[in-house]
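Taken in sequence, the protein lines are chains A and B. Those letters in the first sequence? Residues 0 to 245, per numbering that gives the first Met the number 0, in order. Those letters in the second sequence? Residues 0 to 245, per numbering that gives the first Met the number 0, in order.
What the hints contain is simulated information worked out from the structure, not anything from laboratory work. In this text the structure is predicted, and so the values were computed from the model without any measurement. Among the hints, erroneous ones may be present.
Said to hold, decoys possible - Cut-off 27 Å, straight-line C-alpha distance, at most; resulting in silico cross-link-like pairs (DSS-like, lysine-lysine):
| no. | chain 1 | residue 1 | chain 2 | residue 2 |
| --- | --- | --- | --- | --- |
| 1 | A | K174 | B | K203 |
| 2 | A | K174 | B | K215 |
| 3 | A | K174 | B | K195 |
To be verified - Pulled a few chain A residues facing chain B out of the computed Cβ check, cut under 10 Å:
| no. | residue |
| --- | --- |
| 4 | Y22 |
| 5 | S25 |
| 6 | D26 |
| 7 | A153 |
| 8 | K155 |
| 9 | N171 |
| 10 | E175 |
| 11 | L179 |
| 12 | I186 |
| 13 | N196 |
| 14 | F199 |
| 15 | F224 |
| 16 | T227 |
As the list claims (entries may be wrong) - Okay, the calculated bits of chain B under chain A, using three or more residues with CB under 8 Å as the criterion:
| no. | stretch |
| --- | --- |
| 17 | 63-74 |
| 18 | 80-91 |
| 19 | 111-122 |
Yeah, the Cβ is synthetic: ideal placement off N, Cα and C, and Gly gets one too.
2 protein chains.
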Amino acid sequence: MSLKKSDRPVLNTILSPSLLELYDVSDSIVVIIDILRATSTIATALHNGAKAIIPVDSVAKCIKLGKQLEVITAGERNGKIAEGLQYGNTPLQYTREFINGKTLVLTTTNGTKLLHLALSENAKGIITGSFCNISAVCDYLINQKSNVVLACAAWKNRINIEDTLFAGAVINRIKERFDLNCDASQIAQSLYLQAKNDLFEFLKEKDASHFHRLMKFGLEEDIRFCLTEDNANVLSIYSNGRLVKG
Amino acid sequence: MSLKKSDRPVLNTILSPSLLELYDVSDSIVVIIDILRATSTIATALHNGAKAIIPVDSVAKCIKLGKQLEVITAGERNGKIAEGLQYGNTPLQYTREFINGKTLVLTTTNGTKLLHLALSENAKGIITGSFCNISAVCDYLINQKSNVVLACAAWKNRINIEDTLFAGAVINRIKERFDLNCDASQIAQSLYLQAKNDLFEFLKEKDASHFHRLMKFGLEEDIRFCLTEDNANVLSIYSNGRLVKG
């Protein structure tokens, strides 16, 4: 049974970090979406037992904090391991054997930057979302009964298809529980409904720019992993400067 | 016969004015898109013989310039005639009997603001686009062989469906002549292909926010007019502070 309109919290979608400032997020849970690959990697690391992931917004901070805490540093710039860091942003690397019980400091081109933007805008709560943990994300959003902003990390503020598709997938699952007074949400859902039978083929057919970039780096396996639902189905929630299993 | 990839100019799409700054428009023709209703009204007024339309970015400037030049003032804020102005933003008002040979000073919530933003970013050229003059827009863009930015006026920087649909319609017509290295263009075209059989029904079904706002004001006829291809098929080009028939 769906709730009466007035009882429902509001769900908005931003397709680029540049649009976050248009919304007051102080009463909203912000879902950080960076499908290729930051938020997929975060879900995978937590699913495989990582103690915590500390997202930082620069390579310099990542190196510094890694030394201070004596923990693993990882991150990429422009789709490749950033200079001075130990590991990259490929979810397949974060196996249980490698990451169980460990803490990771992570910086990425788009996703971790957006997380810090949401923090500076005083988001009520922050979680990260990916196809890898889509059910955990949707369950959490339904249970919280709070306003939601689905926030696509995009590529250097330029809208991308894969993050938009994930926003659409979430909307498609939970829309009955929320007021959607937002054209961007409708656009995202429409795109997802077109793509859902084969997300990989859709990205290929549309020559999605970051898909194309990663394919050139030989990362097809990464992409396929990042487009698979619930293969790392844990909630990733931000608390006291760390992303932890919810 | 399509051109070789390297010979083609680049076409990008911005779904909100907030994203214009991501592109260098100094080598691009910027197409201002504000389907409901500024750019539809502009095409209609020019088609029906208006001498020129002077777009201004505030109601105060509109009133002042209207007095100085002794010309018609028009404009809206939030979908209604702005206080102190004579006429609104309904294309149906700008009949040949009314507007032929006259000059109009116009200000609107989104479209005229975006035009001034494109000016301040030193756009190489500026035209306005709407379904009412889509063929003239596409012919011009093909003939210019220049880079293009399709710029959606959106609603107070929030992405809207109708402007996105128009960008998609243009892309669908001219994409063979341009390099599309832009996910937003792909998203717009995908949305248009879903909607094209009945744009009005698509906006209704998706509960598009500004569509909904105008329907509440009883403006269904306006909306239907604004979604009709080539019913005011003239080029609207910005030159020396004025939009004139190209």
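Each hint, compared with the structure:
no.	hint	result
1	A:K174 <-> B:K203	holds, 17 Å
2	A:K174 <-> B:K215	holds, 24 Å
3	A:K174 <-> B:K195	holds, 25 Å
4	Y22	holds, 9 Å
5	S25	violated, 18 Å
6	D26	violated, 18 Å
7	A153	holds, 9 Å
8	K155	holds, 7 Å
9	N171	violated, 13 Å
10	E175	violated, 14 Å
11	L179	holds, 8 Å
12	I186	holds, 6 Å
13	N196	violated, 14 Å
14	F199	violated, 15 Å
15	F224	violated, 21 Å
16	T227	violated, 21 Å
17	63-74	violated (count 0)
18	80-91	violated (count 0)
19	111-122	violated (count 0)
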